[in-house]
Amino acid sequence: MQRIGVFVCWCGSNIAGTVDVKAVAEALKAEPGVVYSTDYQYMCSQAGQNLIIDAVKEHNLTGLVICSCSPRMHEATFRKTAAAAGLNPYMVEIANIREQCSWVHKEMPVGTEKAIILGKAAVAKVNLNTPLTPGESPVTKRALVIGGGIAGIQTALDIADAGFPVDIVETKPTIGGKMAQLDKTFPTLDCAACILTPKMVDVAQHEKIRIFSYSEVTDVKGFVGNFDVTIKKKARFVDETKCTGCGDCVDKCPMKKNPNEFNMGMDNRSAIYIPFAQAVPKVATIDAGACTMLKKGKCGLCSKVCGAGAIDYTQKDEFIEEKYGAIVVATGFNPISMDKFDEYAYNQSKDVITSLEFERLTNAAGPTQGKLLRPSDGKHPHKIVFVQCVGSRCAACAEKGKEYCSKICCMYTAKHAMLTRDKYPDTEVYVFYIDVRTPGKNFDEFYRRAVEEYGVNYIKGMVGKIVPEGDVLKVQASDLISNKQLHIDADLVVLAAAIEPDKSARPLATMLTASMDTNDFFTEAHPKLRPVESPTAGVFLSGACQGPKDIPETVSQAGAAASKVIGLLCKDKLTGNPCIASANEMMCNGCSSCERVCPYGAITYSDKEFRMPDRTTQIRRVASVNPAVCQGCGACTVACPSGAMDLRGFANNQIMAEVDAICK
Amino acid sequence: MQMKEYKPLIVAFCCNWCSYAGADLAGNNRLNYPADVKIIRVPCSCRVNPMFILRAFQRGADGVILCGCHPGDCHYTSGNYYTRRRMAMLFSMLDYLGIERERTRVEWVSAAEGAKFAATMNDFVAQVTALGENKRLEDLRCKR
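In order, the protein sequence lines correspond to chains A and B.
For the first sequence, this note's numbering assigns the number 1 to the initial residue and increments by one for each residue that follows.
For the second sequence, this note's numbering assigns the number 1001 to the initial residue and increments by one for each residue that follows.
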């Protein structure tokens, strides 16, 4: 028989406000096995934990029931307390009387009654708890970073600098991501390339970092410390080890009319291409859909001019299998498609562009060498309208845009407006906004400078319609402050498109069994306290895959993710979850039902010798569970027809006891 | 004599990774739902043995709801697919035994859906309350 101690937490007034904690402690005293029951203001505080430790010693307790907040919050805390008191940490059960009781019920009698029932269920469970010891598994001391933007680059550099090997997988032919496409960065206005490209070179030259560019992750198996990952290196038809990046092939390629993704399709590139001058790795890639040699077997010019002999038209996709201890997701973001926003005439006029296109248009390495020229006729625009929140904060039009704030648009629009006025003082600039949101160091000062020093016309209100007429764009908008309708004949309109997670994130999340929110951003293990960890152990989050972020925030999150990875890779062994399945060999009839449902392949069958009561020996086929692989889902326990399979910590008799206690 | 207001007894099985966290979020956001709902935490919805549900009805539960991660989002990759199939079988059997379909439910609630959790519970409790007491499987021998 267990000797159970019950500890009811007030959580200040969080619990005690709706639950009569003294009544709960008193009621649970009568439960079978309970020898001690008390309440305290803050059970998780040091004083509260000491109270538990003292009670264990004084009353010789063998099991603990803590009636407090969610086990997701403090189960680990109280397990440590139990260990400090000399108990097995798995002799603790939590009755969640805060999140699932005091916070959702208003009346004291109702809350108290439910808290008592939840406490009884926990007592019933602890009565059947057994001491558990976690297994150990080794850690592969190598990290995988998925995504080679500034988030992935910074994470990889920080991990590699700590001495652990890192692989970066990037779907594009070069690392650099969105930041490589930017012109200048707010609020300091230093050029993105000047601060990013040295980091890209650091990555390329780091002896601990390998870059798999033009590659993607196709399969992830395993668990924290022991991931088995399959990486598909897409055929680029150029031998990376031979290509010197001289660019002769790019010049000679006759297929020059392919939209240049790097310049947002505003100019063209050849079928064989290097995305931009500072690409890393600086290796050419053949666009298989555009190359006539690959499509029709005619041409072969690039192969002829390549002095290094790097062109290989027969190259095939290559699959690489590698083991990793930790995985960092840094898949980043994209601006949303403007197709559904007919009112802004994005698809009708070339002179309605998105902010990322504007970024390329003002970039010295962009399609116009940094001259601000209209995409339609190459003329200098004299009146520019910026429209903010296109698809952001769009609760009413959820099928078109996003409900959330994209966070970076206010600042980059202020930057665009300021830079335009700085370079071309003869240009009139209008910015239409819902709110200007500029929290951040030196951000509001930056925005004020745009308004006060550079004379940008900020107008509170939204643009209703844009109609291209001749070579002007008729902009109809409302000015909410002076309550007027405005009609502006603009030469260029720039839409601050909402940002959304990269499309690769959803399938990746499925592979990693990492959870996502309704907008396809990865969710963190705790929004405040564990912001760079996914709830899935061993998976970490860096950058805009977790939510909209600017560069400083991305870099700090990247560093934080790296430090978490380093903390994991430093360990030689990980202690696993002891709440795993185990088979009772005497009951197992060898049917293989459990083996078939196990998602991890943790169950194997083998022939074993059994001594029977009549002293004969029988050989039977029985199941056994690999404790390092089992994750403890319990699918097998239900599939087992003979009841041989059970889950430690969530055993059949324990859950039954909870059901009984609740239904009494 | 005045009749006491009928309060159903509802057992909710919630998977640790999505629905239990969703229930916690409902708490964090102070979204009320009836106290008739008592939650039992399981690692995955696929841990729920049909026996547990039968036992609950045997002991006098008026409704049983099973919550798990959305299809495709299971922490254990495929547990909720097993749940979906197993419960389809079980519920049709319970239906055959005369336990109305409305007393059982499988719902997918993610960790981000506190509002959905509370709404689901409000709806389910209202549905079971409308049906009234369930005595069909109750085994008096279980009662002390």
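Keep in mind that a hint or two might mislead.
What the hints assert, rightly or not - For lysine to aspartate or glutamate, the following EDC-like pairs were computed, each having C-alpha atoms within a straight-line distance of at most 16 Å:
#1 A/LYS172 <-> A/ASP377
#2 A/LYS106 <-> B/GLU1102
#3 A/LYS664 <-> B/ASP1036
#4 B/LYS1116 <-> B/ASP1139
#5 B/LYS1007 <-> A/ASP471
#6 A/LYS234 <-> A/GLU318
#7 A/LYS379 <-> A/ASP471
#8 A/LYS664 <-> B/GLU1102
#9 A/LYS350 <-> A/ASP377
#10 A/LYS664 <-> B/GLU1138
#11 A/LYS423 <-> B/GLU1102
#12 B/LYS1116 <-> A/ASP342
Calculated directly from the structure, the hints in this document are not laboratory data.
Results for each hint:
With a CA separation close to 31 Å, the supplied pair A/LYS172 and A/ASP377 exceeds the 16 Å bound. For the hint linking A/LYS106 to B/GLU1102, the alpha-carbon distance of about 27 Å lies beyond 16 Å, and the restraint is violated. A distance of roughly 13 Å separates the Cα atoms of A/LYS664 and B/ASP1036; the hinted pair therefore holds under the 16 Å criterion. Annotation: proposed proximity of B/LYS1116 to B/ASP1139 is violated, straight-line Cα distance about 34 Å (limit 16 Å).
For the proposed pair B/LYS1007 and A/ASP471, the alpha carbon gap of about 71 Å is over 16 Å, so the pair is violated. Taking the CA atoms of A/LYS234 and A/GLU318, the gap is near 6 Å; set against the 16 Å cutoff, the hint holds. Under the criterion of a C-alpha separation no larger than 16 Å, the hint pairing A/LYS379 with A/ASP471 is consistent with the structure, at around 10 Å. Restraint check: the Cα-Cα separation between A/LYS664 and B/GLU1102 comes to about 22 Å, which exceeds 16 Å; the hinted pair is violated.
As the CA atoms of A/LYS350 and A/ASP377 are separated by approximately 9 Å, the hinted pair is consistent with the 16 Å bound. Distance restraint check for A/LYS664 and B/GLU1138: the Cα-Cα separation of roughly 12 Å lies within the 16 Å cut-off, and the hinted pair is therefore satisfied. Between A/LYS423 and B/GLU1102 the CA atoms are separated by roughly 68 Å; this puts the pair beyond 16 Å, and the hint is violated. The hinted pair formed by B/LYS1116 and A/ASP342 fails the criterion: a straight-line CA distance of about 33 Å is larger than 16 Å.
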